[in-house]
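Engineer: Please take these sequences and the hints and turn them into a complete structure.
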Amino acid sequence: MSRERVGARAAEGALNPIAGPAPLARGVELLRGCGPASAALALLVAVALLALTQGAAAIPPQTVLRVLLDALPLIEVDAHAPATWERIIVDIRLPRVIAAGLVGSALAYSGASYQGVFRNPLAGPFLLGVASGAALGAAIAIISPLRVDAYGFGWVPVFAFAGALVTVLLVYLLATGSGRLDNVTLILAGVALSAVFGAATAFILLTGGEEARPIFSFLFGGFNTASWERIAWAAPYLAVGAVFVAVYARTLNVLQLDEEQAAHLGVDVTRTKLIVLGAASLLAATAVAIAGVIGFVGLLVPHAVRLVFGGDHRRLLPLCALFGASFLIAVDTFARTVLAPQELPVGVMTALIGGPFFLWLLRTRRVEVN
Amino acid sequence: MAATAPAAASTRAAPAASPLLEAHAVEVELGGNTILDGVGIEVRAGEIVGLVGPNGAGKSTLLRAATGLVPLRGGEIRVGGDGLDGLARRELARRVAVVQQLPEAPATLRVRQLALLGRHPHLRLLARESSRDLAIAESALRQAGCGELAGRELGTLSGGERRRAFIARALAQQAPLLLLDEPTANLDAGAQHEVLELVADLARSGTGVLLVVHDLTLAIAYCDRLALLDRGRVAAAGAPADVITPELVGRLYGNSVTVMAHPQTGVPLVLPSRLGG
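Quick note, the sequences are listed as chains A and B, same order.
For the first sequence, our numbering assigns the number 1 to the initial residue and increments by one for each residue that follows.
For the second sequence, our numbering assigns the number 1 to the initial residue and increments by one for each residue that follows.
Keep in mind that the hints were calculated from the coordinates and are not lab data.
Every residue gets a Cβ at the ideal spot worked out from N, C-alpha and C, and that includes glycine.
There's no promise every hint is true.
Claimed, not checked - To list a few chain B residues with every Cβ distance to chain A over 12 Å, as calculated:
#1 V98
#2 P103
#3 R110
#4 G145
#5 G238
#6 A261
#7 L275
Unchecked claim - Distance windows between CB atoms, simulated:
#8 V338/A with P71/B: 36 to 44 Å
#9 I92/A with L69/B: 33 to 41 Å
#10 R142/B with E229/A: 54 to 62 Å
#11 E153/B with W360/A: 16 to 24 Å
#12 R180/A with G155/B: 42 to 50 Å
#13 R271/A with E153/B: 41 to 49 Å
#14 A189/B with R180/A: 50 to 58 Å
Structural biologist: Listed below in C-alpha cells is the structure:
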C-alpha cells in the first residue's frame with residue numbers, strides 16, 4: 001500500500017509544476033521530518049547508557065556497551081567485566097532503565113493525547129485524576145480475592161485501566177455539565193477526584209494489613225520494583241494504547257479546531273474522543289501499574305515538545321514518547337543516586353520540577369485556557 | 001433517481017438539475033422549543049441564497065441541520081441528491097463546507113496549516129497530505145485573498161483576515177456547496193464587501209452558497225434569492241425585491257427600520273427610520 005502511495009505521489013509531482021523536482025523535495029522533507037526524531041532518539045540512547053553506568057558500582061560506559069552486546073542473543077563478546085557487573089547491568093539496572101523509559105513515554109504520550117482531545121494544555125494523566133484513579137484500581141486489585149499473582153502484577157493493569165477509565169469519564173461528564181466542555185471545571189474536577197481517590201487508596205493501604213503493603217509503592221511512584229517480567233506484562237498494553245492514538249493523530253489536529261468545525265470537516269467527534277481517551281487512559285493506567293503515580297511528566301514533556309516542534313500531532317506524539325523516556329530515565333537516575341544509598345521516590349522529583357512549571361504555565365497561559 | 005454514477009463518485013459531478021441542497025418541511029426541536037417548523041429551501045449550483053430574518057428565527061439552526069448536527073423532528077434534508085441519513089460524515093464534508101459564525105482555532109496555528117486541515121475529508125485515516133493537497137490548499141488561500149497571510153499565526157490576524165482564513169479552509173474542502181453563517185459579522189464596511197465579493201466570485205465559478213446574513217441591504221446586493229425566516233417558518237422566499245417589502249420588514253423588524261427604493265435603480269434599501277424623516 002505504501003509503495004502504491006509513493007507511486008501516486010511521484011505521479012502527482014510529475015504533473016504538478018509547483019512541487020518542483022519531486023525526489024529532491026521529498027528527500028529534504030524526509031530529512032526535516034526525521035531530524036528531531038533522530039536527535040530525540042540519540043538523546044534517549046545517550047541518557048539510557050549514562051543511566052546504566054550510574055549506581056553503587058560505577059561501571060564505565062564501554063563496559064556497559066560490551067555487556068549489553070554480550071547479552072543479546074547470537075552475539076558473543078568478551079565483556080572484560082566481573083560477573084557481578086553483568087548481573088547488575090542486565091538484571092537490575094537495565095530493567096529499571098527500560099521501565100522508566102516506558103513509563104516516561106506512556107505518560108508524555110497520554111498527556112499529549114488528553115491535551116489534544118480536551119483542547120486544554122493543562123490536561124494530563126496526573127491533573128485529570130486519571131493516575132490516582134488507576135492507583136485506586138490497582139489498590140483494589142491487590143486486596144481483592146481474585147488476585148492471580150503473576151510477578152505481583154496479574155490483575156493490576158486491568159483494574160488500573162478500569163480506575164483510569166471511570167475517572168476520565170467522570171471528569172469529562174463533570175466538565176460538560178453545562179453542555180459545553182469547560183476547561184477550568186475539567187482541571188478542578190480532576191484535582192478534586194485525584195484527592196478523593198488518593199485518600200481512598202491511603203485508606204485501603206492503612207486498613208488492609210500486611211496484604212496491602214505493596215499499595216504503598218503506587219502512592220509514591222518509583223521504579224525499585226521494576227523487573228523484566230513486569231516489562232513483558234506491560235508492553236502489550238502500552239503498544240495497543242499507542243497505536244490507537246497514533247491512528248488518530250491527524251484527526252487530533254482537526255480537533256484542535258472546535259468540535260463543530262471538526263464535525264464539518266468529516267470527523268466523527270464522539271467516536272474519536274472515546275477511542276483516544278480510552279487509549280490514553282490505557283497508557284496512563286499501565287504506567288501507574290508499573291511504577292505508581294508519577295506526576296507532571298504528561299504535562300511538562302508535551303508542553304516543551306509543542307513549544308519547540310509545533311502542535312502537529314503526527315510529530316508531537318512520537319517526539320513526546322522519545323523525550324518522555326529520556327526525561328524520566330534521567331530523573332530516575334538522579335533520584336536513585338543523589339542521596340545514595342538512600343533512594344528518593346521519582347514521583348517526588350517530578351513533582352519538585354513539575355509543580356513550579358505548572359504554576360508558571362498557569363500564569364503565562366491563562367488566556368488560552370479560558 | 002438517475003442511475004448514472006455510484007453515489008460516492010458523484011460528489012462534484014452532481015447533475016445540474018439536482019439541487020446541491022434541498023430541505024423539505026424541516027422541523028427541529030431543541031430543549032422542548034420548536035426552532036424550525038416546516039422550513040423548505042433549495043440551493044443550486046452557482047447561486048447565492050440568502051437566509052435572513054430576525055434574531056432567533058432559526059437561521060443558524062437550519063445551517064446546523066443541513067450538516068446533520070441537529071436531529072430533525074420531521075421533514076427531510078438532501079445534500080447532493082442524497083438524504084443526510086445515508087451520508088457518512090466524511091462524504092458529507094466533501095459535499096458541504098461550512099464556515100460558522102465564530103470558528104475557533106489555536107492562536108499559534110498558521111493560516112496555511114488551517115487551510116490544509118480543509119483537506120481532511122479527502123484523506124484516509126493514515127494518509128499524509130500529498131503535493132496535490134498542498135497545491136489545493138495554496139490555491140484556496142490565494143482565492144480567499146490569504147496568499148500573503150499563509151505564514152502568519154491566526155492570533156496575529158485582524159477580524160477580516162481571520163474570516164478569510166477560515167473561508168480558505170472551507171474552499172480547500174472543494175465542496176460544491178458552501179454554507180456561511182454571518183460571514184460579515186463584526187467586520188468594517190470595507191471588509192464586509194471584500195468577503196461578499198469573494199463569495200460572489202465563488203458562485204460565478206459554480207459553487208452554490210447558502211448565506212446567513214443580518215444586513216438586509218447586503219442580502220439584497222449579493223443574493224440571487226432570499227428566504228426570510230420568522231420564528232421557525234419561511235415568511236417569504238424569492239427574488240430579493242419581492243421578499244424585502246416595507247410591509248414584511250415593518251412586521252418583522254418593527255418601525256425602527258424602513259424600506260425605500262433606490263432613487264436610480266429602484267432596488268429596495270433598508271434604512272433606519274430616523275433617517276427617513
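Engineer: State for each hint whether it applies.
Structural biologist: Hints versus structure:
1. Look at V98/B: its CB is around 4 Å from the nearest CB on chain A, not clear of 12 Å, so calling it non-interface is violated.
2. With a least CB separation of 5 Å from chain A, P103/B falls inside the 12 Å interface cut-off, contrary to its annotation.
3. With a cut of 12 Å on Cβ distances, R110/B falls inside the contact zone with chain A, its closest approach being about 9 Å.
4. Every beta carbon of chain A lies more than 12 Å from that of G145/B, the smallest distance being close to 19 Å; the non-interface claim holds.
5. Its beta-carbon lying about 29 Å from the closest one in chain A, G238/B satisfies the requirement of being farther than 12 Å from that chain.
6. Its beta-carbon lying about 39 Å from the closest one in chain A, A261/B satisfies the requirement of being farther than 12 Å from that chain.
7. Every Cβ of chain A is farther than 12 Å from the Cβ of L275/B; the closest lies at roughly 38 Å, confirming the non-interface assignment.
8. Our hint of 36 to 44 Å for V338/A and P71/B is violated, since their Cβ atoms are close to 60 Å apart.
9. The hinted window of 33 to 41 Å between I92/A and L69/B is violated, with their beta carbons roughly 57 Å apart.
10. Take R142/B and E229/A: their Cβ atoms lie about 60 Å apart, and the range 54 to 62 Å holds.
11. Range check, E153/B to W360/A: about 22 Å between beta-carbon atoms, so the 16 to 24 Å window is met.
12. For R180/A and G155/B, the Cβ-Cβ distance of about 22 Å falls outside the hinted range of 42 to 50 Å, so the restraint is violated.
13. As the Cβ distance of R271/A to E153/B is approximately 30 Å, the hint placing it in 41 to 49 Å is violated.
14. Between A189/B and R180/A the CB atoms are about 33 Å apart, so this pair departs from the stated range of 50 to 58 Å.
Of the hints listed earlier, those the structure fails to meet are numbers 1, 2, 3, 8, 9, 12, 13 and 14, in rising order.
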